[in-house]
Structures are given as C-alpha cells and as structure tokens.
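Take a look at the letters that make up each chain.
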Amino acid sequence: MNAMSGRWRRVAQKIVGHASWVLPSGQSSWGDAMWRELDYIEDDRAALRWAIGCITASYVTRLAALPRLGWRLSPRSVLAGILLLSIGLAVQGYANGEPSLPTFEESICDLPDVPPEIRPRLRCGTVRVPRDHARPDTGSFSLAVVVIKSAQQPSLPDPVVYISGGPGNPPTIYATYATYQARNPYSPHRDLILVDQRGTGRSEPSLCPDLDRTLLEANLAVAA
Amino acid sequence: MSRKPNSSRQTRAVLATLLDRAQTWRHGYDLSKETGLKSGTLYPVLMRLSEQGLLESRWQDPERPGLPPRHVYRFTSTGLALAREQALSEAAAVAGDPSGAVA
Chain X
1 MNAMSGRWRR VAQKIVGHAS WVLPSGQSSW GDAMWRELDY IEDDRAALRW AIGCITASYV
61 TRLAALPRLG WRLSPRSVLA GILLLSIGLA VQGYANGEPS LPTFEESICD LPDVPPEIRP
121 RLRCGTVRVP RDHARPDTGS FSLAVVVIKS AQQPSLPDPV VYISGGPGNP PTIYATYATY
181 QARNPYSPHR DLILVDQRGT GRSEPSLCPD LDRTLLEANL AVAA
Chain E
1001 MSRKPNSSRQ TRAVLATLLD RAQTWRHGYD LSKETGLKSG TLYPVLMRLS EQGLLESRWQ
1061 DPERPGLPPR HVYRFTSTGL ALAREQALSE AAAVAGDPSG AVA
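Protein chains in written order, with my numbering: chain X, 1 to 224; chain E, 1001 to 1103.
For the record, the hints were derived by calculation from the structure and aren't laboratory data.
Note that the coordinates shown come from a computational prediction; the quantities given were computed from them, not determined experimentally.
Ideal Cβ positions, reconstructed from N, Cα and C, are used throughout, including at glycine.
Errors might be hidden in some of the hints.
Taking lysine to any residue and the SDA-like style, the derived pairs with C-alpha atoms no more than 25 Å apart in a straight line are [what the hints assert, rightly or not]:
no., chain 1, residue 1, chain 2, residue 2
1, E, K1033, X, F104
2, E, K1038, X, R49
3, E, K1038, X, R10
4, E, K1038, X, Q13
5, E, K1038, X, A65
6, E, K1038, X, E105
7, E, K1004, X, L66
8, E, K1033, X, I41
9, E, K1038, X, C208
10, E, K1038, X, R45
11, E, K1033, X, S28
12, E, K1033, X, Y40
13, E, K1038, X, S29
14, E, K1038, X, P116
15, E, K1004, E, S1077
16, E, K1038, X, A64
17, E, K1004, X, L63
18, E, K1033, X, R9
19, E, K1038, X, L211
20, E, K1038, X, D39
21, E, K1033, E, D1061
One-sided and incomplete, this derived list gives chain E residues near chain X with beta-carbon spacing under 7 Å [claimed, not checked]:
no., residue
22, G1028
23, G1040
24, R1048
Residues of chain X placed beyond 12 Å of chain E at every Cβ, according to the derived structure [unchecked claim]:
no., residue
25, R121
26, V127
27, R131
28, L156
Given only the sequences and the hints, what does the whole structure look like? Please build it.
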C-alpha cells in the first residue's frame, strides 16, 4: 500500500464514520454494518466508492425519517449537493495537508461488560485535536469519546457533553453505568457525549501508563 | 402512490440475488458486487426489507483474527415466499402471460 492509497483509505474511513453518525439512532446497527464491510474491501478505491455510497444511504435514511420529506426524496437531486460538499471537504482537507476541523472517528466499542441490549445506543471513537491549538503544526492528540444515544427518540438536536471534574477521572469508562441511569441526570431527551480529557483514561498523551492502568481498573471496579 | 411495493428494479435485483442461495447468510459487500448496486442504493433496500420483516440479520464472527464481525442477511419465511412469487410473476411476464405482468 503506497502513501496515496493509505490516504484514500483514511478518507473512506472518515466518510463512513460520518455516514454512521448521520443515521437515526434506531438504525445505528446499520451504520456498524456498513462500517465493518470496509475492512473486507481490499482495494482502496473500491473502499472509497463504498464509503461514498454509505453516506448516500445514511442521508437517504435520515431524511426519509422526516415525515414531510420522505415521499419526495431523490438521492440524485436533493442529496447530490450535500454529498459532494461533504466529500469534497473531507478529500480537500487530506489532499492539501491542511488541518481540518476535528471530527468524530468511530471505532468498535471495546468497553468491558457492555450488555447487548445497550450496545446499539453506544458509539465509541476518537476525536483528534491539535496538541496546541495556537500551533497546529506541533502534532496532535487523540481523545477518547463515547456517545450515548438517548433512549427516547428522536432526541433533542443539541447533546450534552460531559467532561469529568478532577481533572483525572475518565468518564468514558462509565458509559455502561451512565446508560443504565433510568433518570438521566443531564437530560433524558438528549444524547450524552462523554470525553476523556487529554492525559486521562484512553486519551493521549499517556502520562503514567502504569498508574493509569491501576486507576482505570479501580474506576472500572467502582463502575461495575 | 399506487406502485406495487418492492417492485423497483433495485429491490427486485436484491430479492433475486438473495433467492439464488436463499439459505445462505449474505454479506453487504458481496450483495453489492452481485447485484451491481452501490452501497448507497443497497443499504436503504436492505433496511426497508428488514423493517418489513422480509429479511433477518445477525452479526457473524470474523473470518480471520483482527477483522471485525460482519452483518449478514437472509430471507425470513415471509421474504422467501414473496421473492419466489416475484420470480414467478417475472417469469410469467417474460413468457407473455399478461396475468403475471409486473406493474
């Protein structure tokens, strides 16, 4: 795989991550379904074509869920503009090597002890942010993020973002616990976004790996 | 709209491809290649057929270590009946029998 093909693969992953995000939460397993097929497509260009299709599928499904739009949707007309714009932006960001706005890159949830019934409501991933926002050329850190879709759908459009106090406590490991809260203390109608602050939990940089692991295990014991 | 449900060319292609090996769990990417449909067309069809109870899906264990599980699909008994009916009516239409013509 040469450098260019690796770049296309990353663009494809970024696009499918966005496609997955666009889907209504009741359909999130379909986002996972499309996402995982990507790993079975060896050719990078084919993967990119797959990803572009996924974004079409997601927008069609999302907009079809809107009662007034459903009957007059045409993937070839109304959506073409949206798709070209979003894909163009994604490709341009990589092609020029310019810093793009941080975006959620979804990955498979590997949180421990997540019961299957709440799995469809969890979206795990990372957001890559500049090490120093004033100097984007100094590198970046990957931050761990878990999104808990509200049990009550459709959820309100603006989510609650939770950053743990301390600092030092990594809230993403409490995702299972937070999902189980019958009375979501933040807002039952909103999606909840948990972010591990830089240097804590699964976020970079890993300052004290041994201590982090001990604290993580202790926190997991409390969360269980 | 008066059009018969599940009669679009794309949906018929998916139904026919699934009918080829009706007992086999099929992957999205393979269905895309066999039907010639892009993922953007294929998945809305799969979602709709699933919602209608014509398809069942499950997660299949990875084929090799390091790869993720895959979502796979096959007909329910209702879906299989509908696909067979559709295939018969298409065959009848090809044979020139107007009673079996597809709208």
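Flag every earlier hint the structure violates by its number, smallest first. 1, 9, 14, 19 and 24
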